[in-house]
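**Q** Protein chains in written order, with numbering that gives the first Met the number 0: chain A, 0 to 339; chain B, 0 to 339.
Errors might be hidden in some of the hints.
Since the list gives no way to pick out one identical chain from another, each pair is judged satisfied if it fits inside one copy or across any two copies.
Taking lysine to aspartate or glutamate and the EDC-like style, the derived pairs with C-alpha atoms no more than 20 Å apart in a straight line are [as the list claims (entries may be wrong)]:
#1 K52 x D42
#2 K52 x E35
#3 K287 x E18
#4 K294 x E122
Just so you know, these hints were derived from the structure itself, not from any lab.
As a plain string of letters, each chain reads:
Protein chains: 2
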Amino acid sequence: MPEQPNNDQIIMAHGGGGELTRRLLSERIIPKLSNEFLNPLSDSAVLPRPGGKICMTTDAFVVVPLEFPGGDIGRLAVCGTVNDLAVAGAVPLGLSLALVIEEGLSIELLERMVDSIALAAREAGVDIVTGDTKVIERRGGDGLIITTAGVGQLRDGVNLNPARIGAGDVIIVNGGIAEHGLAVMSAREGLAFDTDLVSDAAPLNGLIGEILDTGADVKFLRDPTRGGVSGVLVDLTEDTQLSVEVDEAAVPLTPVARNTADMLGLDPMTIANEGKVIIVAAESDAEKILTAARKHPLGKSAAVIGKFVSATPPLVELVTRAGGRRMINRPYGEELPRIC
Amino acid sequence: MPEQPNNDQIIMAHGGGGELTRRLLSERIIPKLSNEFLNPLSDSAVLPRPGGKICMTTDAFVVVPLEFPGGDIGRLAVCGTVNDLAVAGAVPLGLSLALVIEEGLSIELLERMVDSIALAAREAGVDIVTGDTKVIERRGGDGLIITTAGVGQLRDGVNLNPARIGAGDVIIVNGGIAEHGLAVMSAREGLAFDTDLVSDAAPLNGLIGEILDTGADVKFLRDPTRGGVSGVLVDLTEDTQLSVEVDEAAVPLTPVARNTADMLGLDPMTIANEGKVIIVAAESDAEKILTAARKHPLGKSAAVIGKFVSATPPLVELVTRAGGRRMINRPYGEELPRIC
Numbered sequence: 000m001p002e003q004p005n006n007d008q009i010i011m012a013h014g015g016g017g018e019l020t021r022r023l024l025s026e027r028i029i030p031k032l033s034n035e036f037l038n039p040l041s042d043s044a045v046l047p048r049p050g051g052k053i054c055m056t057t058d059a060f061v062v063v064p065l066e067f068p069g070g071d072i073g074r075l076a077v078c079g080t081v082n083d084l085a086v087a088g089a090v091p092l093g094l095s096l097a098l099v100i101e102e103g104l105s106i107e108l109l110e111r112m113v114d115s116i117a118l119a120a121r122e123a124g125v126d127i128v129t130g131d132t133k134v135i136e137r138r139g140g141d142g143l144i145i146t147t148a149g150v151g152q153l154r155d156g157v158n159l160n161p162a163r164i165g166a167g168d169v170i171i172v173n174g175g176i177a178e179h180g181l182a183v184m185s186a187r188e189g190l191a192f193d194t195d196l197v198s199d200a201a202p203l204n205g206l207i208g209e210i211l212d213t214g215a216d217v218k219f220l221r222d223p224t225r226g227g228v229s230g231v232l233v234d235l236t237e238d239t240q241l242s243v244e245v246d247e248a249a250v251p252l253t254p255v256a257r258n259t260a261d262m263l264g265l266d267p268m269t270i271a272n273e274g275k276v277i278i279v280a281a282e283s284d285a286e287k288i289l290t291a292a293r294k295h296p297l298g299k300s301a302a303v304i305g306k307f308v309s310a311t312p313p314l315v316e317l318v319t320r321a322g323g324r325r326m327i328n329r330p331y332g333e334e335l336p337r338i339c
Numbered sequence: 000m001p002e003q004p005n006n007d008q009i010i011m012a013h014g015g016g017g018e019l020t021r022r023l024l025s026e027r028i029i030p031k032l033s034n035e036f037l038n039p040l041s042d043s044a045v046l047p048r049p050g051g052k053i054c055m056t057t058d059a060f061v062v063v064p065l066e067f068p069g070g071d072i073g074r075l076a077v078c079g080t081v082n083d084l085a086v087a088g089a090v091p092l093g094l095s096l097a098l099v100i101e102e103g104l105s106i107e108l109l110e111r112m113v114d115s116i117a118l119a120a121r122e123a124g125v126d127i128v129t130g131d132t133k134v135i136e137r138r139g140g141d142g143l144i145i146t147t148a149g150v151g152q153l154r155d156g157v158n159l160n161p162a163r164i165g166a167g168d169v170i171i172v173n174g175g176i177a178e179h180g181l182a183v184m185s186a187r188e189g190l191a192f193d194t195d196l197v198s199d200a201a202p203l204n205g206l207i208g209e210i211l212d213t214g215a216d217v218k219f220l221r222d223p224t225r226g227g228v229s230g231v232l233v234d235l236t237e238d239t240q241l242s243v244e245v246d247e248a249a250v251p252l253t254p255v256a257r258n259t260a261d262m263l264g265l266d267p268m269t270i271a272n273e274g275k276v277i278i279v280a281a282e283s284d285a286e287k288i289l290t291a292a293r294k295h296p297l298g299k300s301a302a303v304i305g306k307f308v309s310a311t312p313p314l315v316e317l318v319t320r321a322g323g324r325r326m327i328n329r330p331y332g333e334e335l336p337r338i339c
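Looking at chain A on its own, in the form it has when it is part of the complex (with noise of 0.2 Å):
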């Protein structure tokens, strides 16, 4: 006798390629996501050819809680690799998804994660294109890992380059940060008090684009994600043989992300973010960049944050707001597991 499924969990056999898998399929997933690359159900997608070079990335999302406030794994999953190609100045042509499930999943959550991520697709304005589901054993109830990689196709005109940055140039960031990696936090822990914190997941393809559009000369894009705002500016020190000078007062932070960070224990700098661009562009592009950044709903509290400097050793200070430095460092390790 096969195992039988009860139709509202996940069994070993939902993952073996056979008619169970099928039908999950083709009744519980597909239907969501439906285009015209992904109908077809083969084990792959053709697409048309590419006006330019193409990128591809890829991302293993592997968050704890699945579902957090202002989002959830499958989110993060269409989020991270949208903008992981946004980032690279592309425009993105297709996402694949492959699901790993455990055994013992409730089918309901599993579809509202297919649901979360078909509109983080629409958002971004992406198709999935071609997918793989496995099913492995029951184990801690983490329940869900998803894997998404991405081809774009590159903008013309846009040369992003680290190597381009020069001392002067400035440091934008779209809005506040820490958000994402304070939501996971707080619905890990729990935490007891009343918070609106939310995380700031969103796809930066469409902010990006308006921004690229202004004709500014952009010299470097990226997505502070798991290392925070700092990994981004010890990573561009490095790359460039410059200091970076930050004004802790310039940095968006909404209160109540700071009241989360001070409680637990955390610089918000370090923290994950999953819908913040850090862009780097001469100071006379500024404000091109934020007015063009400020009119979309992802770039309200778009802000100068810091600049290149010469000085040696390069290195990340941060001007706090008593008038002090601190050097910024690179987290050595994990101050948050599986936040992304």
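Based on the hints, put chain B in the right spot on chain A.
**A** Leaving out everything else, chain B in the frame of chain A:
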């Protein structure tokens, strides 16, 4: 105090995106996979503009055990994705590699898997162009989940479409079936008998390229992985509304594979392969295809195993060695869990 690495096991901090992640990647992983696209170590890779339509695919690999006779999860992850591109008629342009590593995994084993990935990629003539690494808490000891995605460029003049299949068209396979699934099952069950059985995991893009280069009018290609040869043939009866007659005596199957399947009580036709391709073409093209296949190391035992016939309802029938007839169904659920 941050958690300290002991240099021989993965710890959570290896996945945190900080200094330890950077060292794991730069010292243990990237050097083995080195190529011009991957080396910039950005979150994405830029590939040349393709000369035609592109093809995208993804697969998640959860095989247990991670190593088995003739292969391992790393080799599978490369071959599976390369083969999905190849059977779509595409030439691979680049692969992405996402590693989800369980805390406690031996770093030596991880390095062996990355070596295996590098070797399989060289065999296939394709680069790992981008990747991601995450660490999850210690659990059952499964250790490693790998998700690969691939992008390829469609070959000109190839028209793979099951709608083109007609009665009389022949079904060809490039060699002995069932060896991957049986090798994994034997390793898992710790079968005590001495067996030469090894997984057939191999990249098929070279063989398929040789076959398509003959100019034969190939109508359909598919790698019979989960669900085995039976799964592919049942799919084809549904797609074509034709029946399939398979000549059991013509199906390549080594004595050791047959004996192992008998002992495990499994039907070789339903067992996963990772280095086999089902080819459908007009009978008049069969000799051309067999000749090309047999010149390639992966096609030495290529054979016509059956043909399409007009018979309703559409079904797959096996004409047995004894001259009897047996209907082949799609496996209902999972006979061999976590085989790939």
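**Q** Which of the stated hints cannot be reconciled with the structure, identified by number in ascending sequence?
**A** Violated: hint 3 alone.
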